[in-house]
Every structure is written in structure tokens, then in C-alpha cells.
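Peer 1: Chain by chain, the residues:
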Amino acid sequence: MNDPDTNAFAVFDEPVLAGDPFDPNSTRNAPLNDLAHNLAATRFNVDLDYLEVLSSGTKTITHPAVAGLGAAVAMFAAKYATNASSDDQQLVDLTAFGLGEAPFAIAIALGVATSPGMPVVTNTDGGAWYATAYSRSGELRVGAKATIGASNLAATGMTYGWLVFKAPPATSGALLLDWDPAAGALTLAKGKWRSDRQYLLVAPDGSPFGFAMGRTIDLNNGAPKSWRPDGTSYAPVPSTLKSFLPFGTYGGSDLGGETTGAAMSYGGSGSAPTAVLVQAP
Amino acid sequence: MTDQLSFEGGVFKVIQGGRTVMGSDRRHVTLLPSANDFGTIAAPQNIVLNYPDVTKGWLYNWRARSVRNPGLPGYSLGEIGDGYIAAYAQEWSDTAVLAAAPAGCNFFAARVRISRTGAPSNTWIGNTILVKPPTGEWIPFSGSVLLEEMLGLCRAFSLYIDGSGNLVRHMQQSVSVGPAYTGNNVIGWAAGHSNASLGYLGATGAPAADGNQHDGGEWTYDGTVTTGPVGLPIFTDPATMHTNYTYSVNDPFTPSWGGYCRRISGDARETIPAGLTDGSGNIVVGGAAASVTDHTNYASTYSIDIAGKFGRAA
Chain A
1 MNDPDTNAFA
11 VFDEPVLAGD
21 PFDPNSTRNA
31 PLNDLAHNLA
41 ATRFNVDLDY
51 LEVLSSGTKT
61 ITHPAVAGLG
71 AAVAMFAAKY
81 ATNASSDDQQ
91 LVDLTAFGLG
101 EAPFAIAIAL
111 GVATSPGMPV
121 VTNTDGGAWY
131 ATAYSRSGEL
141 RVGAKATIGA
151 SNLAATGMTY
161 GWLVFKAPPA
171 TSGALLLDWD
181 PAAGALTLAK
191 GKWRSDRQYL
201 LVAPDGSPFG
211 FAMGRTIDLN
221 NGAPKSWRPD
231 GTSYAPVPST
241 LKSFLPFGTY
251 GGSDLGGETT
261 GAAMSYGGSG
271 SAPTAVLVQA
281 P
Chain B
1 MTDQLSFEGG
11 VFKVIQGGRT
21 VMGSDRRHVT
31 LLPSANDFGT
41 IAAPQNIVLN
51 YPDVTKGWLY
61 NWRARSVRNP
71 GLPGYSLGEI
81 GDGYIAAYAQ
91 EWSDTAVLAA
101 APAGCNFFAA
111 RVRISRTGAP
121 SNTWIGNTIL
131 VKPPTGEWIP
141 FSGSVLLEEM
151 LGLCRAFSLY
161 IDGSGNLVRH
171 MQQSVSVGPA
181 YTGNNVIGWA
191 AGHSNASLGY
201 LGATGAPAAD
211 GNQHDGGEWT
221 YDGTVTTGPV
231 GLPIFTDPAT
241 MHTNYTYSVN
251 DPFTPSWGGY
261 CRRISGDARE
271 TIPAGLTDGS
281 GNIVVGGAAA
291 SVTDHTNYAS
301 TYSIDIAGKF
311 GRAA
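Here the protein sequences line up with chains A and B, keeping their order.
Note that my numbering has the first sequence beginning at 1, numbered continuously upward.
Note that my numbering has the second sequence beginning at 1, numbered continuously upward.
Read the hints as simulated data drawn from the structure, not as lab findings.
Just so you know, nobody snuck in bad clues.
Examples of chain A residues lying across from chain B (beta carbon under 10 angstroms, computed):
hint	residue
1	ARG43
2	ALA102
3	PRO103
4	TYR130
5	GLY143
6	ALA167
7	LEU186
8	GLN198
9	ASP205
10	TRP227
11	MET264
Each residue gets a CB set at the ideal place from its N, CA and C atoms; glycine is no exception.
The following block holds chain B by itself, in its conformation from the complex:
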């Protein structure tokens, strides 16, 4: 028969329409009475999640082109510099107990409503940091949710009953390891240019053997990293963090933007600005410490409403 109370092999079952609706070999997923609720739709529990700003430094990307004026002793030089806010690798997490689950509970039937109340101040590698899940909606919740996901930056929130029988919220934030550091405050060289010839302005007499035009550049960083990776370049502002100079030989060099690094060859006709020598008179690297004023704040704040019922599923 289809509908039956079955007792077979030591197992009691209630079977209806072919469905085993109850049995001594299985348990209902059960929820405690509403007196044990952790928030309701009408009166949710609210928690605030403060994700910190990322760990930051700066990078400076300097490029230059020197061009000998054919037949003339002079040459012209152009320089471009871009400052970047850089993010260092970061693994951050925080766990907090929201409530002790009633004895025997291992199941939390939750709905969660997410809203971001404090957004990061700036874009991240050119993209706005959006909230990934639907906001202002009740989300049936189990496990974790990825609140923000950018290239090299993620933030997650989890809600669960831990092994100690506590309802906990877990926050996690992670920032990627940046590019490799290659030494001498120099990160990469343009193809065909050696360290010594970068920015070479040409000597008196014959043009340089490799032509009249030299292009090159370098990345420098904030000096807090001596080994290992530098930061990820996450933000630049063309209006305030970009410089562009063109000038001719012997022009006095006057930086107009917050300090930077530059590399100029030694030349008898070059007036090397004070403070940019390395002591040998040939190569000048970052004589004046570059700096970038950081106006960014990548912290995020979330308000999480929770409507949950404790129960047991086992």
C-alpha cells in the first residue's frame, strides 16, 4: 500500500504517497519556537561590519625621452611622471560571537539584508568598487557572501554556528601580492636601454651609437619595501598626480609636483640640480625623496540586518 505506518528491520516510517515523511532513521530539520529567534523580519538584529582601509604606499612611474638636435650641440628632454597609490598584500579577518546558540542547535535559518553605509572613496585599478550581492533585499543565508570583489581585493562575510556552539560573524579582507621588486629602486627597463643609458642625453660630438633618441623610465616606490613585492598600483589621478615636462639642455630643473625621482646621465653641459647627485656625478637616482599624498580611503562599512531562527539539522 502507498500510505502506511511501516515498522520493518527495526525502522519505523510514516510513508504517504510514496514519500517517507517521518522515520526513526531520519530527522526533521527543526527550528526552535520564536522565543529563541535572533531577529525577525519586523525587528531584525543589526550588526555593523567595518572593513579597514588597505595597507598602502605609493609608486612613481617616470618616463623620459632625450633627443639630440642634429648638427647642434644641444638636445631636448621630456619627462612624464605619474604617481600611484599602491596597496600592499594584506590578509585580514575578524570573528565575533553574536550569540550563544541554544543547546543542541547546529542550524541557523537566516535571512540577511545587506546595505553598504560607507563606500571606498576612490576607484580600484580604474573600476568602482561595487557591492556584489543584492542590497536592501532579504537573502536566505547560508555560509558566506562575497561583498566586494575587485582585481586584487576581496571582502567576504560569513554567518554560521561555530564548533563551540556560538552564532558568529566572520569578516575577511584580502589584497593581492604586488609585482616583484627587482632591486636598485628600478623596476624594469625599456627594451634596448640599459641602466646606464637610460635618459642618456648624449655627449659632445658624435651622436650616440644607438641613435638620437632615447626613451626610458622606471618605477620607484615609497622606500618602505626593501625586498620582496612592491604594492599594487591601485589609483592615480591625472589632475593631481601627473607631471609632464619638456625642456632643453641646461634648463634649470624645477619640479612642480610634490617631489619625484628621476635619472639623468652625467654630461659636461648638464647642470645637475642640487640634491640629485649620487656622489659620483654620473647617475642621479631619486635624489629628492618622492612622495605622494594619499587622499584615498578604501574602508567599507556595512549594515547587516539578520532575521534568524535557531534549529537543528542532524
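Pulled out of the complex, with its shape left as it was, chain A reads as follows:
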């Protein structure tokens, strides 16, 4: 429906089945001119930003090997560390687009949109790489930190995808709907939306990836557990790692007799966040 008075153009589900179907301001047509209160019923509105894709692609980033402790991780073990190694690499050069600011972007790994610090390379005894995508003017990068576990973490190539979005275009022309048979392209709302562009969709088919809509990390007992949007999870601190008090030394002799406490691993009851499956076909 469109409203010549306001230049509004929208495709929507009628939120209530009451009111004059031909009145742009009737209750059933509320999504047309009152977008902010009827977003759930709106399928298309000329004022919305449809997250048009400016750049997309994939790149394999190899996170370096991290030497393990060679022994069970433990308190006071000098090498057990949670910020032991750093890795920072460019995911995509965006200078050609002349963006004046850090663009909104999504980095994709392991089939899901990465939340900051998502575990991407993991082993079972405490070693892992945690990746955070971040954007600058002219580039999207992946910064990663590692934890060290008992065993080595091999250098691992991780394929990252990216979607960088552009600001919605200004409207141009007067056509609300135009079909160009030669180009096979549908244009809606004065050029605001075109079928030959890529947009982010919630889609039931194709190759969607999960996007988290809630908390992805829970803490318990001094340890974290991370959930990816697909429900998989990773808790780095192994249950074999237990707090203890070393009895100490005297004259260079270890007095032995450490008192071992409880496991320092995550023992909480967090759960995976709700997530939507999206894609940009």
C-alpha cells in the first residue's frame, strides 16, 4: 500500500482486521505510516534499512600453533595463561569502498556469526583461539587471543566469511514498483530496494548462518563457557584443573603435601542463546 500524502510505501500484514482497507491511516493500515510501532507486521517499508551487502567473501586465516604445557594445567604453573598469545590479521581490505567510518559488518566462522571472543580453534585440555572481528575505516580484521592447555594447539586454518553492509540508499525517481525485463530486476520504492542487490534475510532454505540474539557467555566458578548461535559450546578450563595450596619449599626442598581443592572448571547452568538463521543470498 502507498500513501500519496506521506509518500509512504509498505508491504505488511494487517495487525488488526478492522478499519477501512482504503484509508492509509486506518487501524489495519497502521504499519504504513506508523512504522516504529508496527515493525513486527511490516514486511517492507520504504523507510527501513534492509542491510544491503556492500562486500562479501571468505578468507582463510591461519592461527599459529601454540605450544602446550606438556603437563596438566595447574595453579601456579607458570605457563598456564589466558592471554598467552595474540594473533591479529586483516580479513578484508575495504579501502576501495571509501567508507568514512567503521562499517557494520558480520564475520562468519564455523557456520555462525561470530560474537566477540568466540572460540574458533579448540582442544579439550584448555588450549583455544578466541576470535574477535573488528572494523576500522578501510578494513575488517580478526584479532584473536589464545589460552594454553596441556597439549599443543596446532596451527589451524580457519575460514572466515564476511558481510559488510552499506547505508541504505536515498530514494530516487518516482516509481514505486518497476520491473525491468531486460535486466530481470525488480525495483521497489523509488530505487530503495532492488532485486539485483544482496540483502540480509531470515531464510528457511539455502545456507543460513546463526546469529545470536542473547547472551553467548556465562561464567561460573571463575571460568567461562561460550555458546555459539548453533548451540555448540566450549568451556576452556578442564575439570582436571583444581585449586590447590602448594606446601612450599624450604632450602630448595619441596615440602610436598599439596592440598588439592575443587575443580576450577565451569559448573554453571547457562544455556545457548536464542538465535536466528540468516543469510545474504
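Fit chain B to the known structure of chain A by using the hints.
Peer 2: Then chain B, alone, in the frame of chain A:
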């Protein structure tokens, strides 16, 4: 044909180049106009996160060696003590509403820029508490981020639209359970030494049956824990929290550092310092209450810039 407007099975689709770009069985992820923004890159919303200090007590690790002087009635005694700041188990969280999301919004396209404006004052089990994610950079944000991760200490920040339709920030801080408490203010004994023989200085006459040298020690804690785990030893300072004595029998005992616990066997020749007896004259345990002055502060403060757009993905 590749490019088409399709209406099949009650489903309308716009297909181009094999891509279903629009359809009545799928929705765009949509963002509201910029008038609804919660901060922009040029003018971000700023929030401050104050993570509290951890709950703390102290521990004291005392070790001793007694050596009989062969053929002589005397013996020498050495003692070492190390005080530790200890952290008790803690599960802390805080949630605050930043804004009511516009009606129907369940999606927040956010970029977040993190900086730590107040760092913990001391190391944690020997390691500096670093900020885990990149700082001063715009991070596309969904879900949560682990701001600090140490052995036994984690801090997380989450930003999301909750079930009530509010944009909320969630802070969480967790400290691990410490080692087990084993009773009698004594945590562990050196192998081969019983409670009674620890620090045994030897009786007049024949050397002790188990040799001339006795090593041992104990952990004591601040007395606020009567059952269950004690704190994690998170910090010690060799310059101010370490003592090292050697002296010979009957030397008057003069502690030079803030009080401590010690255990000495009863011996006819031992002058037991006043206040260190347990009433029986044999075993002296922590007669003077040990204490450790805590100069540490593990609080962290973060400044978070947010540039976000409300929208819907469903």
C-alpha cells in the same frame, strides 16, 4: 528462467540469478530509520561498567626446619613465612536497562568500542590481568564478550534485547572456589611428618628417631572461614609479605613482620614466647592472630561506546 517473479504453492518470491531475494516465506532483516539509533559512530552512547573488587581474605604459608646439632644439646631452627591475599568464591552479576527497544524490535545491530579506564592494582596468581578483546576498536557486537579471563577470575559483558523488549547490558564476574579446608587451621602436612612432629625440635638426649632434620609447614587463613574452602592465593609480595628467620634454641622469638602463625614443639629448653601457648604447653598454633594488610584492589572499570540500530530479524 533465472530471473522471475514466482507465485507457486501460495508463496511469492522474487528470484534473481538463482537467488531468492524476497519472498512471502522469508523476511528481511530490517533496521529502523536512523532517528531510532542508539548511538552512532560519530556520537556513540557511552556506558560505564564498574566491576567490583573480589571478596578477599588472606592466607599464610609457614615452613620450618629444625636441625639438631650432632653431639650437642642445642639445635637450630629456621622459619619462612609468606602472606597471600586470598580471593573467595564469588558469583556476581548486574543487569541494567539502557533503553526500551521500539515496538516489535528484537534485533540490535551494534558496534561496540571498549576501553578499560580502571585496571586492577595487582597481578593475579602471578599474571597481569589483561583486557581480552581489542580495545579502542569498533567491534561488531552480538551476544557477549569476555573482558578479562584469568585462572579463577572472569569478567563478561553482554548487550542484547531481553524478553521484555528492553535493550540491556549485563555484567558478570566470577571467582573460583578455593582449595579445601581440612580442619585445625592446618592445610596439608609435609610427607613423613605428623601433626605432632612438625617443627619438633628434639628432646634432650638421643636424636629423634626419624633423624636430625625436620621439615614442615602449614597454611593458615584469616579465620573467617570455619568450614568449606579457603580462598585462592592470588597475590604475594616478596618485599613486604615474606619473612625468613634462622635462630638457635632459646633465642627469643621476635616477629618482624605483621604477625603470623607458627607451630613449635614443647621442649624443656624452649622458651615459648608468651601468647603462643595453647594451654597445654606442647603445641603452639597461631597464638598471635596472623594478619595481612591488603593493599590490593581488583576492581576494573570499563568505558563502552555503543553505536547501534534497532531492527527486527524474524
